[in-house]
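Peer 1: Let the sequences and hints guide you as you build the complete structure.
Each residue of the sequence shown is one higher than the one before, counting from 1 in the working numbering.
I should point out that these hints are in silico values taken from the structure, not numbers from a laboratory. Watch out, some of these pointers could steer you wrong.
[Claimed, not checked] Taking lysine to any residue and the SDA-like style, the derived pairs with C-alpha atoms no more than 20 Å apart in a straight line are: (1) K234 with L140; (2) K16 with D88; (3) K16 with E69; (4) K49 with D9; (5) K21 with E65; (6) K242 with D208; (7) K90 with L272; (8) K245 with A118; (9) K195 with D9; (10) K195 with S155.
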Amino acid sequence: MSNFVTAADGTQIFFKDWGPKSAQPVVFHHGWPLSSDDWDTQMLYFLAKGYRVVAHDRRGHGRSEQVSEGHNIDTYAADAHAVAEYLDLKNAIHIGHSTGGGEVARYVARYGGNGRVAKAILVSAITPIMLKTDTFPGGLPIEVFDGLRAQTAASRTQFFKELPIPFYGFNRDGVAPIDAVIDNWWRQGMMGSAKAHYEGIKAFSETDLSEDLKAIDVPVLILHGDDDQIVPVKASALEAIKLVKNGTLKIYPGLSHGMLTINADLLNADMLAFIQN
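Peer 2: In structure tokens form, the structure reads like this:
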């Protein structure tokens with residue numbers, strides 16, 4: 001079987017599918033501007049626990065096709081649905097980090113019926129919306145995202161060397177940067193398309209996922225670090241938990257946006273406990 005699925009508009013989406021096909025699936029949705037490789041530690045961990053683990057590269061990211069169109073949350077969710085349908089995933093756990101959390105919210109709300117989804121986990125997620133609006137005044141001003149666009153357009157390769165520093169909290173006192181983590185972030189980012197990354201900024205910052213959160217019927221675990229410098233916790237997790245019907249919130253003191261990598265042992269154990277409960 002090929003490691004690509006054809007999305008609704010013909011785009012080729014790359015995916016990984018490891019473990020016994022009879023096992024409960026755990027499906028991972030990566031953040032901007034990365035790829036499914038960002039889930040290496042989690043995929044190996046849950047594989048060892050007996051789960052089937054699946055992750056795809058978002059369109060324009062990683063090994064998926066670098067198409068011109070479709071860099072929005074609606075299409076991201078539809079692409080995830082194409083993967084789930086192709087692999088006939090049922091009773092799955094969907095875990096999303098950052099932009100992937102927004103993708104999970106829309107996917108579960110729109111496509112999660114008929115036994116497709118058992119639970120959802122949002123980690124450092126963009127939900128409900130990152131942009132400051134009248135409804136969510138605690139969000140970030142549009143100038144922040146305009147700055148991200150300007151840096152992506154001017155020198156993406158340099159920007160992708162700099163952004164991992166606050167992403168992982170390496171700019172905090174007493175925290176030593178891990179060169180391999182920075183290099184891997186840069187490697188994943190540079191595999192993708194500059195156009196997908198540029199347009200993805202609008203997708204992750206301006207998409208209001210409030211109604212998606214309200215529509216989710218399955219249990220939701222929301223995990224966030226209170227020193228997240230990329231997606232501030234007050235405007236994200238603390239708002240998202242108010243909107244879900246069956247939600248559990250856990251805030252990690254001092255942890256960064258990239259806590260899935262830096263604090264994988266802690267996060268993996270907490271996610272497993274939620275899945276098994």
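Peer 1: Which of the numbered hints are not met once you compare them with the structure shown?
Peer 2: Checked against the structure, the hints that fail are numbers 3, 4 and 5, while the rest are satisfied.
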